[in-house]
Amino acid sequence: MAYNLKEIVATKPARFESGHRMCAGCGAPPVARMVMRALKPEDHAVVANATGCMEVSSCIYPYTSWSCSYIHTAFECAGATCSGVEAAYKSLKKQGKLPEDKNTKFIAFGGDGGTYDIGLQSLSGAMERGHDMVYVCYDNGAYMNTGIQRSSATPKFADTTTTPAGKVIPGKMQSRKDLTEIMASHHLPYVAQSIALNNFKDLYEKAEKAIYTEGPAFLNVLAPCPRGWGYPTEKLMEINKLAVETCYWPLYEVIDGKYKVSYKPVKKQPIENFLKPQRRFAHMFKEGNEWMIEEFQKEVDKRWEELLALEKITNETNEA
Amino acid sequence: MSIRERLSGNEASAIAMKQINPDVVAAFPITPSTEIPQYFSTFVSNGTVDTEFVAVESEHSAMSACIGAEAAGARAMTATSSNGLSLMWEMIYIASSTRLPIVMSLVNRAVSGPLNIHNDHSDAMGVRDAGWIMLFSENNQEAYDNLIMAHRIAEHKDVLLPLMVCQDGFITSHSIENIELLEDEKVKEFVGKYTPEHYLLNRDEPIAVGPMDLQAYLFEHKFAQAQAMRNAKKVILDVAADFEKMTGRKYSFFEEYKLDDAELVLVCMNSTAGTSKVVVDELRERGIKAGLLKIRVYRPFPAEEIAKALSNAKAIAVLDKADSLNAVGGALFSDVTSAMFVNNINIPTVNYIYGIGGRDTTTKDIHSVYSDLQEIVNTNKVNNPYRYLGVRGNN
Numbered sequence: 001m002a003y004n005l006k007e008i009v010a011t012k013p014a015r016f017e018s019g020h021r022m023c024a025g026c027g028a029p030p031v032a033r034m035v036m037r038a039l040k041p042e043d044h045a046v047v048a049n050a051t052g053c054m055e056v057s058s059c060i061y062p063y064t065s066w067s068c069s070y071i072h073t074a075f076e077c078a079g080a081t082c083s084g085v086e087a088a089y090k091s092l093k094k095q096g097k098l099p100e101d102k103n104t105k106f107i108a109f110g111g112d113g114g115t116y117d118i119g120l121q122s123l124s125g126a127m128e129r130g131h132d133m134v135y136v137c138y139d140n141g142a143y144m145n146t147g148i149q150r151s152s153a154t155p156k157f158a159d160t161t162t163t164p165a166g167k168v169i170p171g172k173m174q175s176r177k178d179l180t181e182i183m184a185s186h187h188l189p190y191v192a193q194s195i196a197l198n199n200f201k202d203l204y205e206k207a208e209k210a211i212y213t214e215g216p217a218f219l220n221v222l223a224p225c226p227r228g229w230g231y232p233t234e235k236l237m238e239i240n241k242l243a244v245e246t247c248y249w250p251l252y253e254v255i256d257g258k259y260k261v262s263y264k265p266v267k268k269q270p271i272e273n274f275l276k277p278q279r280r281f282a283h284m285f286k287e288g289n290e291w292m293i294e295e296f297q298k299e300v301d302k303r304w305e306e307l308l309a310l311e312k313i314t315n316e317t318n319e320a
Numbered sequence: 001m002s003i004r005e006r007l008s009g010n011e012a013s014a015i016a017m018k019q020i021n022p023d024v025v026a027a028f029p030i031t032p033s034t035e036i037p038q039y040f041s042t043f044v045s046n047g048t049v050d051t052e053f054v055a056v057e058s059e060h061s062a063m064s065a066c067i068g069a070e071a072a073g074a075r076a077m078t079a080t081s082s083n084g085l086s087l088m089w090e091m092i093y094i095a096s097s098t099r100l101p102i103v104m105s106l107v108n109r110a111v112s113g114p115l116n117i118h119n120d121h122s123d124a125m126g127v128r129d130a131g132w133i134m135l136f137s138e139n140n141q142e143a144y145d146n147l148i149m150a151h152r153i154a155e156h157k158d159v160l161l162p163l164m165v166c167q168d169g170f171i172t173s174h175s176i177e178n179i180e181l182l183e184d185e186k187v188k189e190f191v192g193k194y195t196p197e198h199y200l201l202n203r204d205e206p207i208a209v210g211p212m213d214l215q216a217y218l219f220e221h222k223f224a225q226a227q228a229m230r231n232a233k234k235v236i237l238d239v240a241a242d243f244e245k246m247t248g249r250k251y252s253f254f255e256e257y258k259l260d261d262a263e264l265v266l267v268c269m270n271s272t273a274g275t276s277k278v279v280v281d282e283l284r285e286r287g288i289k290a291g292l293l294k295i296r297v298y299r300p301f302p303a304e305e306i307a308k309a310l311s312n313a314k315a316i317a318v319l320d321k322a323d324s325l326n327a328v329g330g331a332l333f334s335d336v337t338s339a340m341f342v343n344n345i346n347i348p349t350v351n352y353i354y355g356i357g358g359r360d361t362t363t364k365d366i367h368s369v370y371s372d373l374q375e376i377v378n379t380n381k382v383n384n385p386y387r388y389l390g391v392r393g394n395n
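Protein sequence lines, in the order shown, are assigned to chains B and H. First residue of the first sequence? That's 1 in our numbering, and the numbers climb one at a time after it. First residue of the second sequence? That's 1 in our numbering, and the numbers climb one at a time after it.
Misleading hints may appear alongside valid ones.
Here are the simulated lysine-lysine pairs, DSBU-like style, with alpha carbons at most 35 Å apart [claimed, not checked]:
(1) K12/B to K241/B
(2) K258/H to K308/H
(3) K97/B to K186/H
(4) K102/B to K18/H
(5) K167/B to K90/B
(6) K186/H to K90/B
(7) K97/B to K233/H
(8) K102/B to K188/H
(9) K157/H to K233/H
(10) K94/B to K193/H
(11) K97/B to K234/H
(12) K267/B to K209/B
(13) K93/B to K258/H
(14) K157/H to K94/B
(15) K97/B to K308/H
(16) K97/B to K258/H
(17) K193/H to K90/B
(18) K308/H to K157/H
(19) K289/H to K94/B
(20) K93/B to K193/H
Think of the hints as simulated: they come from the structure by calculation, not from any bench.
Assemble the whole structure, with the sequences as input and the hints as a guide.
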């Protein structure tokens, strides 16, 4: 069946309901809602959430925005917590203590702090053990919940509160960790990188595949933060589009080790177009700092070329 | 008919877990508790249990997975020691405040540093305020019996708190002793089925677990947790009474060994109680009125009952196998003396920090404690109530 956003919104429950307290212009809520909509309406779901913006804004006692079952324990262990829930499901189902003909799916959400950094071990363990679950990272590129501190997902040169662009040090001096590649190296059945774009087709379809692929799956979704990135709240979808059109955030899948780039811009836009509208990169546009933009562009190009090469190699290998 | 066996404390604990047949076990190896998940894995591999064994990548994840599993509606268990418990520390509090009756076997070992793999109680003492029920075990039989009673206590609707069963690393975990095991069917019947009221996997009633809980409600939730810990006292005794009916083995908050008319009283936990009983017997033969109070239930702390049981003593020594490093004494000492104070009992009481890092505590050491107590009675004077037993360089 062809993808139809109107039909999906009309027929599939959001499960992440309105009334949450996330900021206007935040990239995370549309991600959560679209991922949850990819569930079959008849399936029950348990969401495990790492501590972070999404958790503190969506489940404040005695309220919750989650209409499915939900568990939050701590910052670094959404992976392990979710794996425990999934293990309980397996055990109780095997013992006939749960309805045989009905399914429950397990989805963990964590920000880049809870996923790239403090929760990396827990995530890696859960994925390696092969739990039938999806881990979704909503990557906003810094610890936004505590006030915009750098993470290993923060891009080079970004101005954050722990890497302030100063007179001597011009922002974060290290490149961004490539978590999607780390997860691909776990040889999972499904790994993908996505974003909320246009009519959400890319995100929805990848979420659906991730949820309904048996075994562990990982989705890395860029989710801009208006406070941390410094863009007007209404520009969210524009920023997302620029992240993709500049190849800063390539959309791709790794299915059983085979890479598939989901979108290749006909004409890659220069990285300035992505950097310019964001306050965190403002210092890069000051006179004399052209080298920073050049270096940033080089890094984007290099990673994009590597991705294209991986797509080529893995498809050749599999065809041989 | 019970089954007579010879088992180590770890084997006995693993067998208790097999008979309990929990839905999920998540554990990570650490000396000296490693054998428990190891033996248990064999039961899983051979299909003797229905358990999903989650071989996690750390103790933090072990407790996280237990929390997830228990919240999902499963009975979850784990085992650990020392730094493993330290790494779990954050999740230990989350387990109890989420009111999940997870059961843990804690094989006590010194917490680093420096690194040491042998027994003391610094691991358990580090979580004494975390809201877990804590049972201590003198020997393999008690470690086994405490585990069999654990779920009935933890899962009781008036309690709903996690519970840990402690035993001394190597001293009992690795020593083989005679033990009486119960038949599988008897354990199954005694432990009963786990029927949580609310759980994540109930598709008819979606729930949210572990919310952000701010000024408006957290205080009341913590109060409810404190009430649950108080409620646990009655439940512990009720379960012990049922257990006694089944086995003939009597358990309470603590064991009173020749305590009735005792003038010189020692208070301790776990295996040192065994050593102390030998000394009490020797002293009694010499006409010295020595007695022992062995704590089984450390949390909830049976303050009133302990104060009452100690009220006829003339001098008391509290033995702590962990120092609180607060310049006044160990945790058990603080608990016992405060219990006495609030119950208007004023008896000379001294503290001994002992057995740290697995240092052997022999009958000779325990004799010296009773001699010190006799000295206190004779002189009616306590010099320095905060003492170290058998340490070198303490001049």
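Consistency of the hints with the structure:
1. With a CA separation close to 25 Å, the supplied pair K12/B and K241/B stays within the 35 Å bound.
2. Annotation: proposed proximity of K258/H to K308/H holds, straight-line Cα distance about 15 Å (limit 35 Å).
3. Using a Cα cut-off of 35 Å, the hinted pair K97/B and K186/H holds, with the two alpha carbons roughly 22 Å apart.
4. Between K102/B and K18/H the alpha-carbon distance is near 29 Å, which keeps this suggested pair within the 35 Å criterion.
5. Of the supplied pair hints, the one linking K167/B and K90/B is violated, its CA atoms being roughly 56 Å apart against a limit of 35 Å.
6. For the hint pairing K186/H with K90/B, the CA-to-CA distance comes to about 26 Å; that is within 35 Å, so the pair holds.
7. The hinted pair formed by K97/B and K233/H meets the criterion: a straight-line CA distance of about 32 Å does not exceed 35 Å.
8. For the hint pairing K102/B with K188/H, the CA-to-CA distance comes to about 28 Å; that is within 35 Å, so the pair holds.
9. Straight-line distance between C-alpha atoms of K157/H and K233/H comes to about 13 Å, which keeps the hinted pair within the 35 Å bound.
10. With a C-alpha separation of about 16 Å, the suggested pair K94/B and K193/H falls inside the 35 Å cut-off, and the hint holds.
11. At roughly 31 Å between alpha-carbon atoms, K97/B and K234/H fall within 35 Å of each other, so this suggested pair holds.
12. This hinted pair checks out: K267/B and K209/B have alpha carbons roughly 28 Å apart, not beyond 35 Å.
13. Taking the CA atoms of K93/B and K258/H, the gap is near 52 Å; set against the 35 Å cutoff, the hint is violated.
14. Distance hint between K157/H and K94/B is fulfilled; the C-alpha atoms sit about 26 Å from each other, no more than 35 Å.
15. Of the pairs offered as hints, the one joining K97/B and K308/H is violated, with about 47 Å between alpha carbons and a cut-off of 35 Å exceeded.
16. Proposed proximity of K97/B and K258/H is contradicted: the alpha carbons are some 49 Å apart, above 35 Å.
17. Between K193/H and K90/B the CA atoms are separated by roughly 18 Å; this keeps the pair inside 35 Å, and the hint holds.
18. As the CA atoms of K308/H and K157/H are separated by approximately 29 Å, the hinted pair is consistent with the 35 Å bound.
19. Restraint check for K289/H and K94/B: the C-alpha separation of about 59 Å exceeds 35 Å, so the hint is violated.
20. Between K93/B and K193/H the CA atoms are separated by roughly 15 Å; this keeps the pair inside 35 Å, and the hint holds.
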